[in-house]
Amino acid sequence: MNGRRLMRKAPIPVCFGLLLTLCADTRPRDEPVDLGPLASLQFVNIEGERISMREFAGAPLLLSFVALPRPAGVPERDPNRSQVVFLRSMVEQYRHSGLQAAIAVCADAAELDGGFRPRVVNFRHDSGLADLPVFADGHGHASRAFGVRELPTMFLMDSSLSIEKRWNGVALPSQLSFAIESALGKDLGAIGTPRRWRSSGS
Amino acid sequence: MHSQLLRLAGGTLALTLSGLGSTQAADYYVDCSRTAVAGTGLTERDAWSGLDRVNDRTFEPGDSILIRRGTRCYGMLEPKGSGLPGRPITLGAYGIGPRPVIDAGDLEAAIRLFNQSYWRIRSLETVGGNPFGILVSGDVDGVLDHLWILDVHVHDVGGVATNKESGLIVVTPGSPSTVFNDVLIDGATAHSTEQWAGILIGGDDFGGTPESPRSTNAVVRNSMVYEVHGDGIVLFQVDHGLIEWSVVHDTGRTPDRSVGTPNGIWTWMCGDCTVQFNEGYRTASPWRDGGVFDIDFGCSGNTVQYNYAHDADGYCVAVFAADGWVTKNSVVRYNICANNGRHPSQAKQGDIYVLTWNGGTIDGLSVYNNTLHWSPAEDAYAVNVERAQFTGDRPRILKNNIVYSTVPSLIRIPAGSGLSFDHNLYWYSGPFRPRWQSGLDTANDFDEWKRLGQDANGLYADPLLVDASGESTLATRYAFSLQRDSPAIDAAARVEGAGDRDYAGNPVPTGLSPDIGALERRVPRAGGREPQPRHRDWRS
Numbered sequence: 417m418n419g420r421r422l423m424r425k426a427p428i429p430v431c432f433g434l435l436l437t438l439c440a441d442t443r444p445r446d447e448p449v450d451l452g453p454l455a456s457l458q459f460v461n462i463e464g465e466r467i468s469m470r471e472f473a474g475a476p477l478l479l480s481f482v483a484l485p486r487p488a489g490v491p492e493r494d495p496n497r498s499q500v501v502f503l504r505s506m507v508e509q510y511r512h513s514g515l516q517a518a519i520a521v522c523a524d525a526a527e528l529d530g531g532f533r534p535r536v537v538n539f540r541h542d543s544g545l546a547d548l549p550v551f552a553d554g555h556g557h558a559s560r561a562f563g564v565r566e567l568p569t570m571f572l573m574d575s576s577l578s579i580e581k582r583w584n585g586v587a588l589p590s591q592l593s594f595a596i597e598s599a600l601g602k603d604l605g606a607i608g609t610p611r612r613w614r615s616s617g618s
Numbered sequence: 004m005h006s007q008l009l010r011l012a013g014g015t016l017a018l019t020l021s022g023l024g025s026t027q028a029a030d031y032y033v034d035c036s037r038t039a040v041a042g043t044g045l046t047e048r049d050a051w052s053g054l055d056r057v058n059d060r061t062f063e064p065g066d067s068i069l070i071r072r073g074t075r076c077y078g079m080l081e082p083k084g085s086g087l088p089g090r091p092i093t094l095g096a097y098g099i100g101p102r103p104v105i106d107a108g109d110l111e112a113a114i115r116l117f118n119q120s121y122w123r124i125r126s127l128e129t130v131g132g133n134p135f136g137i138l139v140s141g142d143v144d145g146v147l148d149h150l151w152i153l154d155v156h157v158h159d160v161g162g163v164a165t166n167k168e169s170g171l172i173v174v175t176p177g178s179p180s181t182v183f184n185d186v187l188i189d190g191a192t193a194h195s196t197e198q199w200a201g202i203l204i205g206g207d208d209f210g211g212t213p214e215s216p217r218s219t220n221a222v223v224r225n226s227m228v229y230e231v232h233g234d235g236i237v238l239f240q241v242d243h244g245l246i247e248w249s250v251v252h253d254t255g256r257t258p259d260r261s262v263g264t265p266n267g268i269w270t271w272m273c274g275d276c277t278v279q280f281n282e283g284y285r286t287a288s289p290w291r292d293g294g295v296f297d298i299d300f301g302c303s304g305n306t307v308q309y310n311y312a313h314d315a316d317g318y319c320v321a322v323f324a325a326d327g328w329v330t331k332n333s334v335v336r337y338n339i340c341a342n343n344g345r346h347p348s349q350a351k352q353g354d355i356y357v358l359t360w361n362g363g364t365i366d367g368l369s370v371y372n373n374t375l376h377w378s379p380a381e382d383a384y385a386v387n388v389e390r391a392q393f394t395g396d397r398p399r400i401l402k403n404n405i406v407y408s409t410v411p412s413l414i415r416i417p418a419g420s421g422l423s424f425d426h427n428l429y430w431y432s433g434p435f436r437p438r439w440q441s442g443l444d445t446a447n448d449f450d451e452w453k454r455l456g457q458d459a460n461g462l463y464a465d466p467l468l469v470d471a472s473g474e475s476t477l478a479t480r481y482a483f484s485l486q487r488d489s490p491a492i493d494a495a496a497r498v499e500g501a502g503d504r505d506y507a508g509n510p511v512p513t514g515l516s517p518d519i520g521a522l523e524r525r526v527p528r529a530g531g532r533e534p535q536p537r538h539r540d541w542r543s
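Chains A and B supply the protein sequences, listed in that same order. With this note's numbering, the residue at position 131 of the first sequence is 547, and numbering never jumps. With this note's numbering, the residue at position 120 of the second sequence is 123, and numbering never jumps.
To be clear, the hints were calculated from the coordinates, so they are not data collected in a lab. Since the model is a prediction, treat every value here as computed from it, not as a measurement. Among these hints, one or two may not hold up.
What the hints assert, rightly or not - Derived DEER-like restraints, expressed as beta-carbon distance ranges:
(1) 513(B) with 530(A): 53 to 59 Å
(2) 578(A) with 27(B): 55 to 61 Å
(3) 392(B) with 565(A): 31 to 37 Å
(4) 144(B) with 547(A): 55 to 61 Å
(5) 547(A) with 210(B): 26 to 32 Å
(6) 73(B) with 578(A): 23 to 29 Å
(7) 210(B) with 546(A): 38 to 44 Å
(8) 394(B) with 560(A): 58 to 64 Å
(9) 556(A) with 144(B): 34 to 40 Å
(10) 27(B) with 530(A): 23 to 29 Å
(11) 464(B) with 565(A): 35 to 41 Å
(12) 578(A) with 36(B): 44 to 50 Å
Claimed, not checked - What the simulated footprint calls covered on chain A by chain B, stretch by stretch (three residues with Cβ under 8 Å from a Cβ of chain B suffice, anywhere in the stretch; the number is not a length):
(13) 465-474
(14) 501-512
Each residue gets a CB set at the ideal place from its N, CA and C atoms; glycine is no exception.
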């Protein structure tokens, strides 16, 4: 999934209080029956477009649930900010191999009262996520559906939207990288093949 | 040294006193999309329309300068004034949308602070500047305190590097007696320049010895650096430094070594500095280096831990000493190194590289519980201790490491180094005979290596690593973890001060003894797959 694909969808007016809607299973009858149980889940992104999980079917998806980060620079470390950095690294390394990625930003009640959506919009821009789908899970429907118990939590889903791997807490890059390589079916035996170095090197 | 401390304290006092008698703090608004108007700047509707009014003003403690999101300002932003403890001056953004852009063109920098303290720069994008994107500097005889740079996007700095103190985000002294305290760079994205550094804190323009004044308490966190001609993230002459949870890639693109030979993340003349939980890849150099992590000469008490370095042209981690100075108490532990040495000439350095020159010596070196998957572009030693001189009586140990190699060369150490190898596990996956070298002695099997006085409790066996063995990652769930029958399980020695976690945060040990390598074996989930949520879970 990428931003362009999302942008092709016609915007669907939606009350912000229902940013994420859980619908009855409305899969078309001709849809493959082996999609995971989360396929019928629907998100609404911060542009107000309704996105079905099944739109991500067909290629591995890295889905990260994060808390809206505390204001940057507080003395203690915020693991949600760290998770975003590693998610971006995975996108940089594997998007050309077909990896999709998305972020669901969760909020507690206090944040909902304090202008959640504008903060999510600014978070998206300030975190370098402008080219990824970002969902505002303002009422926790999606996080409950995925059984998220702590934030951040990362899921790697296969092309049929089954959960291949789950990381509670920050998923580290080596863990992500090799799980993604397996999900993409990349030939791990190719490790050791020298990459092309620049001709400018000695 | 005493006089230096007095001078530094005096500098702090002077800066503090300069803030007394300040007026009430105010918020000033800038909207560069407005046509030129003489606004007061005190409300969004009466915002200043450009940077000139900002640059003309000396701001007071607690003030905020807020630039409208989604707009673009041209010129160099160089506001004056200093904040106070608890009352910093904020340079940030207001509104909803993309960060405001400061477009510096070919001016010196997009944002410049000079001899100023207690500033927080937040949520801005800069483009251009030459040779800096954001420059924080000064020439006071003392300390510049509390300089935070948060959630910035700095890119496309112009020009070509002529020295190492250039680049995207540069916090560097302008005199030998100027130092910084409490520097925090958090959430920065810095990329695309032919200048040198992605993020630099400190400097070496004025030379430096281990006794020179140093900046203190410098942190780089949650940041990304890529596509730079020189180094990714560096700390020079800093005490109590930390680089963590950051990613560097595609560094060292300079075509020649006239300025230097770059690395991904490294420290120089750094005391009590830690590099942890970072990822680095595709780091390059036109000559030597091109590695991901480096404890460079003059460092004391530096630790490189819990990092992931892969696909580098050069090494995973280096420890250096030079120019008559002693590099003390270096610790390299629980790192995962994979597929480095991609460039034939830089592969010669090895995955773990230890080198001294010009009379430099190393006092204390502990390399333990790292996992090396060494598959270089040419046959080269995985652990290469080249011409290294050691001194002192601190430990010199290489212990509990997994060295999995696709080339025969495993270890090289100089004669009489006093290095102690033990409880390491080696495996060469190819058809030839493996090679260990100690001085002029070469061992071509593990028993010979033992007869050279090393690794009495080591192993030469396939570690049965996930991935390296070809076993499905998902079957055992942890990349570079150990399969059920791995000989590395419970085969490591305890190391004093090793901590209680592995690379992934698992407790150490999980068995009777620690495992060899960076990851403790954990029992995989029965059935091998994650449980899937049931419909009723989320419909209820």
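Hints, verified against the model:
no., hint, in the structure
1, 513(B) with 530(A): 53 to 59 Å, "violated (43 Å)"
2, 578(A) with 27(B): 55 to 61 Å, "holds (59 Å)"
3, 392(B) with 565(A): 31 to 37 Å, "violated (53 Å)"
4, 144(B) with 547(A): 55 to 61 Å, "violated (47 Å)"
5, 547(A) with 210(B): 26 to 32 Å, "violated (44 Å)"
6, 73(B) with 578(A): 23 to 29 Å, "violated (40 Å)"
7, 210(B) with 546(A): 38 to 44 Å, "holds (43 Å)"
8, 394(B) with 560(A): 58 to 64 Å, "holds (60 Å)"
9, 556(A) with 144(B): 34 to 40 Å, "violated (55 Å)"
10, 27(B) with 530(A): 23 to 29 Å, "holds (26 Å)"
11, 464(B) with 565(A): 35 to 41 Å, "holds (39 Å)"
12, 578(A) with 36(B): 44 to 50 Å, "holds (48 Å)"
13, 465-474, "violated (count 0)"
14, 501-512, "holds (count 6)"
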